[in-house]
Amino acid sequence: MAETTGNGKVVRIEVLRYRPEQDEEPFLQGYDVPFTDDMSVLQGLQYIKDWLDGTLSFRWSCRMAICGSCGMMIDGEPRLACKTFLRDFPAGTVRVEALAHFPIERDLVIRMDDFLAKLERIKPYIIPKEARTLAQGEYLQTPAELDVYEQFSSCINCLLCYAACPQYGLNPEFVGPGIMALLHRYNADSRDGAAAERMEIAGSEAGVFNCTAVGYCSEVCPKHVDPANAVNQNKTRAAGDYFLRFITPKGGAR
Amino acid sequence: MKSITRRSNAPVFWGLFGAGGMLAALFGPVLVFITGIAVPLGIILPADAMSWPRMQAFAQHWAGKGLLFLVVALFMWHAMHRILHSLHDLGVRAGTAMQFACYGVALLVTILATWALMALGF
Amino acid sequence: MNTSDPRRPYVRPMAGWWRRNPFFVEYMVHEATALFVAAYALVLLVGLRRLAQGEAAWNGWLEALRSPVSLVFHGVLLAAFAYHCWTWFRIMPRTMPPLIFGGKRVAPGVITACGVAATTACSLVVLILAWGATR
Chain Z
1 MAETTGNGKV VRIEVLRYRP EQDEEPFLQG YDVPFTDDMS VLQGLQYIKD
51 WLDGTLSFRW SCRMAICGSC GMMIDGEPRL ACKTFLRDFP AGTVRVEALA
101 HFPIERDLVI RMDDFLAKLE RIKPYIIPKE ARTLAQGEYL QTPAELDVYE
151 QFSSCINCLL CYAACPQYGL NPEFVGPGIM ALLHRYNADS RDGAAAERME
201 IAGSEAGVFN CTAVGYCSEV CPKHVDPANA VNQNKTRAAG DYFLRFITPK
251 GGAR
Chain V
1 MKSITRRSNA PVFWGLFGAG GMLAALFGPV LVFITGIAVP LGIILPADAM
51 SWPRMQAFAQ HWAGKGLLFL VVALFMWHAM HRILHSLHDL GVRAGTAMQF
101 ACYGVALLVT ILATWALMAL GF
Chain W
1 MNTSDPRRPY VRPMAGWWRR NPFFVEYMVH EATALFVAAY ALVLLVGLRR
51 LAQGEAAWNG WLEALRSPVS LVFHGVLLAA FAYHCWTWFR IMPRTMPPLI
101 FGGKRVAPGV ITACGVAATT ACSLVVLILA WGATR
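Protein chains in written order, with full-length UniProt numbering: chain Z, 1 to 254; chain V, 1 to 122; chain W, 1 to 135.
Hint data in this document are derived by calculation from the structure and do not stem from the laboratory.
Here are the computed distance ranges between Cβ atoms for each label pair:
id: 1; chain 1: Z; residue 1: 76; chain 2: W; residue 2: 83; range: 21 to 29 Å
id: 2; chain 1: W; residue 1: 4; chain 2: Z; residue 2: 95; range: 23 to 31 Å
id: 3; chain 1: Z; residue 1: 93; chain 2: W; residue 2: 14; range: 23 to 31 Å
id: 4; chain 1: Z; residue 1: 116; chain 2: V; residue 2: 95; range: 23 to 31 Å
id: 5; chain 1: V; residue 1: 115; chain 2: W; residue 2: 23; range: 40 to 48 Å
id: 6; chain 1: W; residue 1: 106; chain 2: Z; residue 2: 120; range: 32 to 40 Å
id: 7; chain 1: V; residue 1: 121; chain 2: W; residue 2: 35; range: 28 to 36 Å
Stretch by stretch, here's where chain Z covers chain V in the computed footprint (C-beta under 8 Å, at least three residues):
id: 8; stretch: 10–21
id: 9; stretch: 78–90
Note that the structure is a prediction, hence the values are computed from the model and not measured. Ideal Cβ positions, reconstructed from N, Cα and C, are used throughout, including at glycine.
Please put together the full structure from these sequences, using the hints given.
So this is what it looks like as structure tokens:
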């Protein structure tokens with residue numbers, strides 16, 4: 001790689017380092033990285049790891065904005081490192097930190113245990129409304145029925161929306177924007193029959209009412225999902241469930 | 001993670017916040033303009049537009065009473081819900097005590113408005 | 001902040017979070033319009049109380065509204081309410097279920113524009129009613 005980056009351009013990448021076995025708290029460490037215009041921030045980090053400092057830790061996999069592994073704060077904004085280019089920092093310096101609002105495991109690696117535990121709870125898979133045998137054929141869906149949830153199914157669990165959500169930072173019990181987008185993806189699917197069960201989580205004290213409609217989650221999503229919309233549509237629905245249980249025999253959604 | 005299994009009572013306050021916010025967005029600017037600028041300065045509306053007999057008659061009519069009550073009470077519920085969350089944003093956790101304090105102010109204003117409107121008679 | 005976990009994950013503080021991004025600064029500003037909405041509700045509450053206390057008290061309240069301080073204050077209130085109105089409808093496309101019109105999803109900008117148009121219409125109706133009732 002060193003041979004291919006010989007056009008003289010150098011960017012200073014400042015990385016927030018944290019090595020739990022020796023550091024009391026994180027600190028910024030700067031690296032001068034030669035680069036070409038086609039290089040992403042992720043490639044800059046890979047250059048550091050390969051040529052300058054092998055102790056730097058960060059997550060990555062696909063390099064093409066589909067695996068959701070390389071989310072980090074880049075100049076203070078949650079972004080995918082593979083989808084952000086070094087040429088876009090004309091000042092010649094860029095600051096890279098672990099995703100905000102998550103505990104730092106090491107350097108740019110965050111702890112996502114909390115997210116995974118919550119993800120499991122919402123049962124992020126279709127629970128069929130009616131069981132069908134193979135002989136009965138597929139579960140059919142019209143284009144209009146697909147349109148209701150399609151954008152929410154684009155979520156890649158990259159957690160940028162969580163790093164954009166101050167309410168998650170202030171109260172980590174909040175299920176948060178990404179989980180709500182996925183919850184809504186399944187609840188809004190015409191083939192699914194488990195909405196009532198999932199709404200218990202949406203309407204809980206950890207649910208949608210922690211959101212104050214900041215809206216930044218939807219701005220930063222690299223897959224153009226609108227998590228703020230998923231959260232807020234479900235405020236209306238959860239409020240409906242809350243009040244309807246007093247007047248309907250079924251008790252709202254339950 | 002107990003909070004994920006407890007039903008939230010927020011819909012009550014969120015509903016009042018939303019209703020008050022919508023009312024403030026649709027009618028707030030024009031009400032401020034009429035009562036605080038146009039009538040005191042006598043522009044567009046006559047300077048005696050809010051004269052005692054006229055406003056007393058307005059507040060004694062059931063519809064006028066209802067409108068005045070909705071504006072004062074819902075504006076306050078909207079504002080106190082938002083202030084509660086802003087304090088939370090600034091690091092004052094929106095726990096039970098803060099909820100009692102903020103929604104308590106809104107409830108107090110609601111009671112005082114009811115009292116004044118009742119005192120005005122029908 | 002370090003936790004008791006032996007892997008020593010580091011939890012960063014949230015203090016001052018809203019100063020870290022212009023998006024959050026704007027959010028705090030539009031949330032702060034609530035202070036002005038509360039202030040106006042209190043102005044009206046005092047007015048109701050004065051109205052109930054009789055003609056002299058009411059005229060005193062009207063006199064107070066004519067003071068320069070009050071006029072400037074209501075100018076500020078008007079700006080705050082207008083900003084509340086704009087930000088309320090700006091976020092609305094994100095907070096409501098998708099609106100389908102003629103088989104197509106209504107664009108966010110159109111929803112915001114409809115909200116602002118609704119406020120304009122409401123303002124005109126109230127002004128015309130007030131003008132008709134008091135002239």
